[in-house]
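Could you put together the complete structure from these sequences and hints?
These protein sequences, in sequence, are chains A and B. Just so we're aligned, residue 1 is where the first sequence starts under this note's numbering, counting upward by one. Just so we're aligned, residue 1001 is where the second sequence starts under this note's numbering, counting upward by one.
None of these hints come from the bench; they were simulated from the model. What you were told as hints is all true, and nothing was included just to trick you.
Footprint (simulated), chain A over chain B, 3 or more residues, beta carbon under 8 Å:
#, stretch
1, 1043-1057
2, 1108-1114
Derived, one-sided and incomplete: chain A residues facing chain B with beta-carbon distance under 10 Å:
#, residue
3, GLN37
4, SER45
5, PHE96
6, GLY97
Once the Cα atoms are required to be at most 30 Å apart in a straight line, the calculated DSS-like pairs of lysine-lysine come out as:
#, chain 1, residue 1, chain 2, residue 2
7, A, LYS68, B, LYS1041
8, B, LYS1041, B, LYS1064
9, B, LYS1041, A, LYS54
10, B, LYS1041, B, LYS1020
11, B, LYS1041, A, LYS53
12, B, LYS1064, B, LYS1014
13, B, LYS1020, B, LYS1055
14, B, LYS1066, B, LYS1055
15, B, LYS1020, B, LYS1064
16, A, LYS55, B, LYS1041
17, B, LYS1020, B, LYS1066
18, B, LYS1055, B, LYS1014
Cβ atoms here follow ideal geometry from the backbone N, Cα and C, with glycine treated the same way.
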Amino acid sequence: KNEVEQSPQNLTAQEGEFITINCSYSVGISALHWLQQHPGGGIVSLFMLSSGKKKHGRLIATINIQEKHSSLHITASHPRDSAVYICAVTGNQFYFGTGTSLTVIP
Amino acid sequence: GAVVSQHPSWVICKSGTSVKIECRSLDFQATTMFWYRQFPKQSLMLMATSNEGSKATYEQGVEKDKFLINHASLTLSTLTVTSAHPEDSSFYICSASPRGATWETQYFGPGTRLLVL
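Dropping the structure here:
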């Protein structure tokens, strides 16, 4: 069993739709990260959070420490949001989810 | 700010040759740099952690003589894949943690795609 599970694995949405990607973890953590990996491979760190909620533009990340669950929301999705979104947690080491592949269709 | 570069972005080499990949923090000093490997449609796998001026710490199952890591300065770490074989073909990503930040704060490089023929 992976320490970090993401759902869904693949997601296709119409432009403008509200998108939610979920992440559940089974280890004790000090922080949770949401990363974005574009088709070329480069990774961008979107959020690092340890409690509550963070917002950056159209992206919102929430975490519930008691339930060991985090969600990444994208409002008013756009084709340029198409990428793989990776959830990672840091406890005594980094644990990565296998990613959610998002395709936003115009 | 907080830009990490990798060079080369892709490399094709013959089996048996060695390949060096550079990871640079362009606008900050990185006390710690991390090297990851990613297979197609899989997540990142941490290979090793390198601290400036000291030997790298390798994850279990990663051959340190195969993947040589040198973190010679606060802005540069190198990964050398020695005597590369086709099974070493992969996407290699580095990340850097700024001086003064906790290790959870990492900025990722764009990755290097290695193909060994």
